[in-house]
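Student: Spelled out, the chains give:
Protein chains: 2
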Amino acid sequence: MLMVVIVEETRLVNIGAKPVEDYVFETILIFQEGSSTVVLKGSGAFISKAVDVYNALVSRLGDSVELVKVDIGSDRFKGRFKSFIAITVRKKY
Amino acid sequence: MLMVVIVEETRLVNIGAKPVEDYVFETILIFQEGSSTVVLKGSGAFISKAVDVYNALVSRLGDSVELVKVDIGSDRFKGRFKSFIAITVRKKY
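Chains as they are written, first to last, in this note's numbering: chain A, 1 to 93; chain B, 1 to 93.
Hints are computed from structural coordinates only; laboratory data are not their basis.
Hints may contain errors.
Identical copies carry no separate label here, and so any pair may be met within one copy or between two of them.
Here are the simulated DSS-like pairs of lysine-lysine, each with C-alpha atoms no more than 25 Å apart in a straight line [stated by the list, open to error]: (1) 91 <-> 78; (2) 78 <-> 92; (3) 69 <-> 18; (4) 69 <-> 91; (5) 41 <-> 91.
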């Protein structure tokens, strides 16, 4: 019996202090390397930037990028709770 | 024929410059007034604060508040595109 297992790798892009365009390019590069799913994660003040990165990605890639889901919540960070957003996007073709 | 139409009112809370707790109280007040669904909307830098308000609301109300959906995108504002988040929450009981 031959089993073919296709592993869909999900890659994480941590949104931080770099310009929005840097994260857009990083995500496009990940898509070009063959991963179809990317999670854009931002914490605290970088939550807003994570949404900026998503919008810039959509404006650049158009219909070929699909919003899978948006998770929000809080992570424990240095003993305090910090809000986060995790935006899962998928490259369609 | 008697028709009973139940209108579920959805109320909008625009997240701006006020402290997080103010928006939490505003949302709880809306729930107490009988509306079960509230949309927390934040634009630009207030996106992060909208998630803070959601987390503070969950930590205060616990299981009785439910996350319905999270929408992200961009709105045209003064000729420019501005990122937004719209967090829909529902009071369960």
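Student: Each hint should be assessed against the structure and marked as holding or not.
Tutor: Against the structure, the hints:
1. Neither within a single protomer nor between protomers do residue 91 and residue 78 lie at most 25 Å apart by alpha-carbon distance, with minima of 35 Å and 31 Å respectively.
2. Proximity of residue 78 and residue 92 under a CA criterion of 25 Å is satisfied in neither setting, with 38 Å inside one chain copy and 32 Å between copies.
3. Only within a single protomer do residue 69 and residue 18 lie at most 25 Å apart by alpha-carbon distance; the minimum there is 24 Å, versus 29 Å between protomers.
4. Within a single copy, residue 69 and residue 91 get their C-alpha atoms as close as 13 Å, and across copies as close as 22 Å, so both meet the 25 Å cut-off.
5. In this assembly of identical chains, residue 41 and residue 91 lie within 25 Å of each other by CA distance solely inside one copy; the values are 17 Å within and 27 Å between copies.
Violated hints, listed in ascending order, are 1 and 2; each of the other numbered hints is respected by the structure.
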